[in-house]
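Novice: Protein chains in written order, with numbering that gives the first Met the number 0: chain A, 0 to 167; chain B, 0 to 331.
It is worth saying that the hints were derived from the structure and are not from the lab.
Backbone N, C-alpha and C fix where the C-beta goes; we use that ideal spot for every residue, glycine too.
This list has only true hints and no planted wrong ones.
Label pairs and their calculated CB-CB ranges:
id : chain 1 : residue 1 : chain 2 : residue 2 : range
1  : B       : A112      : A       : S128      : 38 to 46 angstroms
2  : B       : P115      : A       : S131      : 42 to 50 angstroms
3  : A       : Q103      : B       : T84       : 35 to 43 angstroms
4  : B       : L128      : A       : S131      : 38 to 46 angstroms
5  : B       : T84       : A       : A106      : 33 to 41 angstroms
6  : A       : S131      : B       : G230      : 27 to 35 angstroms
7  : B       : L128      : A       : I126      : 20 to 28 angstroms
8  : B       : V307      : A       : A135      : 40 to 48 angstroms
9  : B       : D43       : A       : A98       : 53 to 61 angstroms
10 : A       : A135      : B       : A233      : 25 to 33 angstroms
11 : B       : W90       : A       : T57       : 48 to 56 angstroms
12 : B       : G38       : A       : S128      : 29 to 37 angstroms
13 : A       : S131      : B       : D231      : 21 to 29 angstroms
Below, in silico cross-link-like pairs of lysine to aspartate or glutamate (DMTMM-like), each with a Cα-Cα straight-line distance of 20 angstroms or less:
id : chain 1 : residue 1 : chain 2 : residue 2
14 : A       : K67       : B       : D56
15 : A       : K67       : B       : D191
16 : A       : K67       : A       : E39
In silico negatives: residues of chain A with every beta carbon more than 12 angstroms from chain B:
id : residue
17 : A100
18 : E101
19 : L105
20 : A113
21 : T116
22 : L117
23 : W123
24 : L124
25 : F127
26 : S128
27 : V132
Here is how the chains run, residue by residue.
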Amino acid sequence: MSTARRVLLLGGIALAIVGMCHGTWYAVFAEHQALDRIGESLASAFTLASERNFAPVTTVLAEYRDAKYAHERQVDAHGHWIGLAMLLIVLGIAFDRVALAEKQKLALAIGLLAGATLFPLTVWLQIFSHGSVPRALTVASSALMIATLGITALGLSVKSSMFSRNND
Amino acid sequence: MIFGDIFAVFVLHQNAARVGAELSAAAQAALAGDRSSVGAHFRDVGAFLENRGTKVDTHVHMIDFGYLALLLAVLQPWVALADKTKRGFGWMFLAGAGLLPVGVFFIHYVGLAYSPLRAIGWASIFADLGGGCVLLATAVYLVGLCIHFRSPVSVPDGLLELRTKAGQRLLAGGLILVVLGFAHGAYYAATDLYRQEAEDHEILSRMVAGSASQDAVRVDAALAEYGQLQGDKAVKIAAHAHIIEFGLLAMILAFFQPYVNLSEKWKLRWVVVLLAGSVLLPVCVLFELRFGLFAGGLADVGGLMVIVALVAMWIGILRYTGRLDVGAEIAS
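In isolation and in its complexed conformation, chain A is listed as follows (with noise of 0.2 angstroms):
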């Protein structure tokens, strides 16, 4: 078996196992505490809003704000962690088909896997920092993960019209 091919396979797996273990610690000690902070934030302000105190209506809103914030960059990146995980695997599995050379494809297979464990790993950072630089880390991953997509795909769809050619 390829070089490229057992560093999408082993790489896909690995990442899964990432995905799932970061998505057991979720579930298990801040998913129910993150949904609890959106609703109580968000009850509170309307409950503020009846009482005619608007004040603290405006630090109420930026802790629910904050909360769905954290809460959407947890499960977006365990769902990308996964979802990005399979595809590497299958990729794995159908590598040999793609129409290059094999210097090349493992070139593409470490860009794949590079893409992959970096975009989630940066939504993720988000979390942490609000400014630019997870958010240009996230850009450069997701482009890098779309790039060597496309040139897999491109790969693949040279052999299997190849493939027809052959046997039309």
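Please build the complex by placing chain B on the supplied structure of chain A, with the hints as guidance.
Specialist: Same frame as chain A, now just chain B:
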């Protein structure tokens, strides 16, 4: 998928309407200065959101575990463990993959009844246990794969060496769907994600300010905008998720095409039906806000096309295994 279709038709839209109605009632109660009703309405909003969230999670986890099981099945010849061990962990994977969605489904109904923990109920505990089983089984298969890669013995695998036209088309078509889904996701993140998050906070602030200043017009306008925003967000995320999931499914099905015992012509037809449905559903979901039920109905047709094509391929695999059984009986 069948659970997802039933959920979309009978629960999702009705539930969204109830959440909207309860949020509206909470805002109206705040407007009227009725503090106790605000709390009651928010409890209902929480319950409806939990009902919706757990059903979405059930649907997503069931499908993803199914995909992972299929992928691990394809990899089995390369997992260097004893057959008995592999079978045992296979059962553990399936038990966990069944337990987690069922546990998640019951979270809304069981709640915290008789739970030894403050925040987590029995249904969540069983769901987490299911997740742990899947995690352990996957980790063991990874170890088996590592052992295989360290040994110089090469294992031939007939399934992966067989290639069919239908399989090649599914593989290329599936990957193109995934790339399209990624491109759409990147576009959504760049143009909508942060704007929608800012709008969510800004609209709620206006709603609360309107309630505090007893400005009914402002509250109503904010409620309408909030509904629009949630709908916009939901359809874009659903389109992104579905096109990628269908692409992945098409790619996985490509490996099983040699085992689909149908004529080549019919195999290619079902590939076309599956790929067409995989495009139709997400595209129509995207247009749901503009064209309403018409687009929603077409999206359901797309989902149905995928299910029908999947059932057809499944029947093809059953015919293949049936032929093997008959062959074995004749031989014996």
